[in-house]
Each structure stands twice: as C-alpha cells, then as structure tokens.
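> Here is what each chain is made of, one letter per residue.
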Amino acid sequence: MSEHLLEVKDLKVSFDTYAGEVKAVRGVSFYLDGGETLAIVGESGCGKSVTIQTVMRLNPEPPARIVGGSILYKGEELTSKTDKEMRSYRGKEFSMIFQDAMTSLNPVVRIGKQMCEAIRIHEKVSHEEAKRRAIEMLGKVGLSNPETVYRRYPHTMSGGQRQRVMIAMALCCHPSILMADEPTTALDVTTQAQILELMQDIQRETGCGIILITHNLGVVARMAERVAVMYAGQIVEKGKLSDIFYHPKHPYTWGLLGSMPDMQERSDSRLTAIPGSPPDLFAPPKGCGFAARCPYCMEICLQSDPEESPVGEGHTARCWLLNPYAAACRPVPPVGRDKQLVTPEVAGYLERKGVTQDGQ
Amino acid sequence: MANKLTGQPPLIQVEHLKKYFQVGRGRVLHAVDDVTFSIPKGTTLGLVGESGCGKTTVGRTLVGLYKPDGGKILFNGEDITGVKGKQKRALNRRMQMVYQDPYASLNPFFTVGEIITEGLEIHGIGENKKERMEIAYDLLQKVGLHREHANRFPHEFSGGQRQRVGLARSLAVNPEFIVCDEAISALDVSVQAQIVNMLVDFQESMGLTYLFIAHDLSMVRYISDQTAVMYLGQVVEIGDIHEIYEHPAHPYTQGLLHAVPVADPDYEQARKGERIMLGEVASPINPAPGCRFCSRCPRATEACKHETPQLRYVGGTHQVACHNL
Ligand SMILES: Nc1ncnc2c1ncn2[C@@H]1O[C@H](COP(=O)(O)OP(=O)(O)OP(=O)(O)O)[C@@H](O)[C@H]1O
Ligand SMILES: Nc1ncnc2c1ncn2[C@@H]1O[C@H](COP(=O)(O)OP(=O)(O)OP(=O)(O)O)[C@@H](O)[C@H]1O
Ligand code: SF4
Ligand SMILES: [Mg+2]
Ligand SMILES: [Mg+2]
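Top line first, the protein sequences correspond to chains A and B.
31 is the number that the numbering used here gives to position 26 of the first sequence; each next residue is one higher, with no gaps.
309 is the number that the numbering used here gives to position 308 of the second sequence; each next residue is one higher, with no gaps.
To be clear, the hints were calculated from the coordinates, so they are not data collected in a lab.
Pairs of lysine-lysine, DSS-like flavour, derived with a Cα cap of 27 Å:
| # | chain 1 | residue 1 | chain 2 | residue 2 |
| --- | --- | --- | --- | --- |
| 1 | A | K97 | A | K79 |
| 2 | B | K89 | B | K19 |
| 3 | A | K86 | A | K28 |
| 4 | A | K136 | A | K97 |
| 5 | A | K14 | A | K291 |
| 6 | A | K245 | B | K273 |
| 7 | B | K89 | B | K130 |
| 8 | B | K143 | A | K28 |
| 9 | B | K273 | A | K145 |
A few chain A residues that face chain B, going by a derived Cβ cut-off under 10 Å, partial list only:
| # | residue |
| --- | --- |
| 10 | G52 |
| 11 | Q197 |
| 12 | Q199 |
| 13 | L201 |
| 14 | H220 |
| 15 | R227 |
| 16 | Y251 |
| 17 | G260 |
| 18 | S264 |
| 19 | A278 |
| 20 | I279 |
| 21 | G281 |
Note that CB positions come from ideal geometry on N, CA and C, so glycine has one too.
Can you make the complete structure from the sequences, with help from the hints?
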C-alpha cells in the first residue's frame, strides 16, 4: 500500500532508564520519496536524532524500545526486523552521516581500509574492486589526490575533509536514503556551502532521498523540499518549504522563525527567544507539548493534545488554534508568564513575510 | 555601539601574538602568526574564519592554556604573558573558556551537579556543599535546564543540553572574561537566542567581556561590537562589526559572508548555482611569503605572491590586509 520509499507511521520510541521511561518520540509520521530532501528541525532534545536512528535501528535496544508504530521501507516493515536482519540495510539501503565524522570513522585505521571493509560487508567484491570503488568515491566527493587520502588516517585531516570522507563512505554502497544528522554544524560556512553543494550533486546523480537534520534554517532554505518541525517528541508542523517559511501555522514555528538574527540587517533589539524550556520527556504533559511556552495557550491546550489538522496540500499542523471552535475557547496566559499575545519580533517577522496572525 | 568601544579601557590587549607548533622534522605550524587586537571592557570581539585558521589557538593562548611563542598579552593593562603559580591560578578563575566540544570537556563519571560545583570548590566559592548545590540549581535554571537535571550524567542529555551544562559550569566561578569557542554552535536557533540573550544580559549586569568564536556569522553580527576575520593564523580584516558586515573589503571576508545560507527560500532559490568560494585553506606549516589567501583569491596579482600585505586603516577602526582594495 505504501507508495513512498520510506513511510514512518505513528512511531513511538522510549528509553528505559533508572529514573523511569523517557518518551523520546511520541507518535511521529512522515514519508520520504527518492530524490527529495526532507529537513527535520526543532529544539534540542526534541527527538530528531532518536527518530532517524530508530529508522536505522542504531539505538541499542534496551535502553531504547519501539513502543508502537511502523516503519515501512519499500513496503517492508522494519520494526519487527532483528538486529541481524537490520545489518544488511545499514550502509547498503540507508547511510548516515553525523555532525562529527570522528564518531563514525575509526581514528586508528587508514581511511582506505575502513572504506573497503564497508563495501565488502555488503557486496562480494574483490579487494582490488573495493579499492577502486573507494578511490573513485573519494575523488567524487571532491578530495584532491584520492590515492593519497586512501592511505591516510582520519585524524590527520581537517574537519571538512573528514566530512567528505564520511560522505564518501556513506555513499560507497549507493544507498537509497542518506540520513544526515547535523552534517555541517561543526564546519565553517565555506566548507558548509561546499558540502551542501556536494550533497545536492550526489542526490541529482543517484536519486537518493535525503533526511537532513539541522538547526540552521538557512541550510533548510537552501536544501529542503519539505520540512518537518519537531517539538517534544512530536512533529508539530510539516509541509512544503514555502509553507513552513511563508505560511507557518504553529506557534512554535513562529517562534523558531522569529529567533534568528538577521544577517543582512543591523539590529540591537533582543532576539525572540522562546521563553522557558521544553517539557521533561519523563512525564510529557497531557495537553499540547508546547502549551507551557505558547503565547496563545488556551484552556483546552492544557487539557488535551491537539490532533494533526490539514491546513493545505501536504501541510499539517498540530494546534488547537486550527480547530474551527478555537475562537470559542477562552485564552489563558501561558503558565507562569504574563506575555502579550505576540512578541513584537514575531509580529515583525510575520508581517515581513506577509503572514497575518489569524493564519491567512 | 561605537561609544561602547571607545568609552572603555581595554580588558584584553594582544600584541603581535605568535603561537607555533613543532610538528616534527623541522616543520613549524604557524597556528597564530602576529595577531594584534584589543577588547574593551564589557564588549565582545567576534572571531571568525575557516576551520584551522587559529581561532581556538588564540582563545587557548589568551586563557593561558598555551604559552605564546612571541608577543604579549595584557589583562587589565598588566602583562600576563608568562605568569606562573598562584598568580596564574587567580587568573584561571577570572578567565574562563566555554568549549566547542561538550563531550570532551564534561567528566562522564560526574553528575551535572558535581560538574558545576567542582569549579566552585576549587576556587573556594560557597560555604559548604549544600550552598554550592544551591548555586548550581540556580545556574541550571539560568541556562534553561531543570533543577532535577543536577542528578543526571552527561550521557543522558542531548547535545544541546550538554552544551548548556558547560556554560553553567563556566559562569559558576564569576569570571570577567569568557572565551566562547563555538559555545552555541550545537544548539538550535531558539535556544541559541536564549543563550545569546543571556550572554548579553550577563555582559550588561556583570560587565563581562567576551571573545566570541563562532561559525554562525549572523549570530556573530548580533552579539559582537567588533569582529576580526582570521585566515591561516593572521587577521586579514578587523573593525566595527556593522562596518565590516556592510562594507567587507577583503576578498576573503566577502567570500565568507557570501557563503552564509540565508533563511529565506526565495532568496536561496534565486541564487541557486551561484559560485561559492572554492578551495580549502592551505597548509599552515612553514607558510610561504606573500598573502596567504593568494591561491584562492579572485583578485590576486603578482605582488600578492611575494609580499605579505599588512593591516592598513581604511576608515574609522576598520583595518584590512590586502594589496588590491
Ligand atoms: N540513551 C538515552 N537514555 C535516556 N534518554 C535519552 C537517551 N538518548 C536520548 N535520550 C533522550 O531522548 C530525547 C531526544 O533526544 P535526541 O538526541 O533525539 O534529541 P535531538 O532532537 O537530536 O537533540 P539535539 O538537537 O540536541 O541533537 C532527549 O530528551 C534525550 O534526553
Ligand atoms: N596542539 C597542537 N599541536 C599541533 N598543531 C595544532 C595544535 N593545536 C592546533 N594545531 C593546529 O593549529 C592550527 C589552528 O588550529 P585551531 O584549532 O586554532 O583552529 P580553529 O580556527 O579553532 O579551527 P576550528 O574552526 O576547526 O575550530 C590548525 O592547523 C591545527 O591543526
Ligand atoms: S592581497 Fe592579493 S591575494 Fe591577498 S587577498 Fe588581497 S588581492 Fe587577494
Ligand atoms: Mg541530535
Ligand atoms: Mg576551534
């Protein structure tokens, strides 16, 4: 039934710790097609990494536990696969690149050897063939002298070079999905621009789907076709790139967009930090996860969790304000704060982007 | 902003600072090569430049983690270049560093509470354990964590949460000067905004002085009063922050600012396919004479290959090192 390359439905993941159950992912649904890029953004600790690591089943289980939901890859259910079965997917069907290349590269093994091993785990090819492919890949990711790089140790290379090596390694078995967890966060802007361009080139060439986790909204604007905004273990809003940037519907998305400093303009005013911090996932609130920080919080928001409502083609948000009866709800001040409905910065942002506050 | 810079005596003055690393077989890595700047009290200098250009080395040399190979560092007008022993320990409290890598800098066997109170204990702050714990709770809340987090271990936190713990630890000992080395890079924007607002508040209320090292040029613009752009161990452009962002003069600064992705899909769509700055930073080992940016520079001429350009004033506090302006 699934016509998407990857379809995640109502995924719930918890960690069993001594202190109790951490509900890290609380019902997440999204899909990915070949050749497109989905960006996942959201507050630190909201479950972005856990979500994609669960798709690859990289989280040790226990403490991690898939509580519910399904992960369909090319129509096949992955949640019931054993670790051994998953091994043939990792690296071959899905590859992952991390923020810090050193977490996936072994510092004391030469780059060539690591790449050849990765290739030969999945494919029965001779050592010579694996070497040829590794060197070809190193050249493809823009490293000069791939033969020399092949013999080097990861720690002798710069951060940008290591990131290229990691991308080369992630790609050497031609995966259909590339998951990138903050791939450029540790890099300077010029290297970032080069790596992003590299990822786009590779996608054009191989048609792979990319899931990109980043907190840099500039990177999102440059790379993504669709965006999922996560908050406290849930996707609170998702839609096309332009939906999210120009017609955002969720108060958290508004806050997120308003908290960026503007590179092009001088500003001495304070940034719109969203006050407070995300809820503790040991005991997630029974209402909307964002209620405690939301300037629009209504009574119902504290009582019950809003459903996902469609607000446009492929654009959904989870917010009580979208309920047709919302106007009938009495707004209460957000817990522990007296705040005007919209901060001037958010209002300014919405105005600049031509968004009216009632969400037209 | 300009008044803020001129009205204050410098807290940090760096003169012709050099830090070289011997990397074997007579090769010398010029990590920091003749860097001069000063940071007035209560202001922020943003230090930007590509990976490996020497930003962290400048920061580490300033707080005394590296011994400079040349030049002077003045703290409050006093030469602290070679201080040792008791004097150095006193300085260690007054100058703090918040690190790039939270994994490496937090002891995995300590709870967060212990990590924060450790520094308090070393510097004799707080009467007893209970009082120090109270300070720690307070700091956790200030950096946007929960009191309950004090009993957890670093590995139980997400990357961003861990970075806040590092910040709380540095603030604990009441420093005057803080080197923020990529301290907020791993955080998402709304939390960055919180921490940056917090840094600004602390600066206003406690008169803190910052050296702010970051890759995020928009955040650097927001928080800094001046900025210094480094390339291969040298400062190529320095001056008032807005002047540099609005009128970058060095081809490197121009390329750097151009590479920043802008959070506006239409803008990004419109400039798809535009050329980005190519190449990588050359090796800092035994660098050749001439401009170090020469090999990547679209404006390079014959003179650039032989003669090292010196910083020259181009108006106000704005200085640039380039032959072809
Ligand atoms: N091994 C673990 N044990 C207990 N809790 C965990 C573990 N790993 C993650 N968590 C919790 O799960 C939640 C989601 O973490 P995750 O790493 O996915 O966040 P994230 O969105 O990737 O954040 P960041 O942007 O900071 O990387 C966090 O609250 C975190 O504390
Ligand atoms: N202890 C050391 N021994 C030898 N070389 C070093 C040492 N520390 C730094 N270097 C070198 O000095 C140069 C400057 O490094 P530094 O860490 O200061 O750069 P950076 O600007 O902070 O880069 P990044 O943005 O990646 O953090 C680099 O070439 C680095 O390899
Ligand atoms: S000195 Fe020459 S090479 Fe260096 S930046 Fe200026 S023009 Fe380019
Ligand atoms: Mg993460
Ligand atoms: Mg550094």
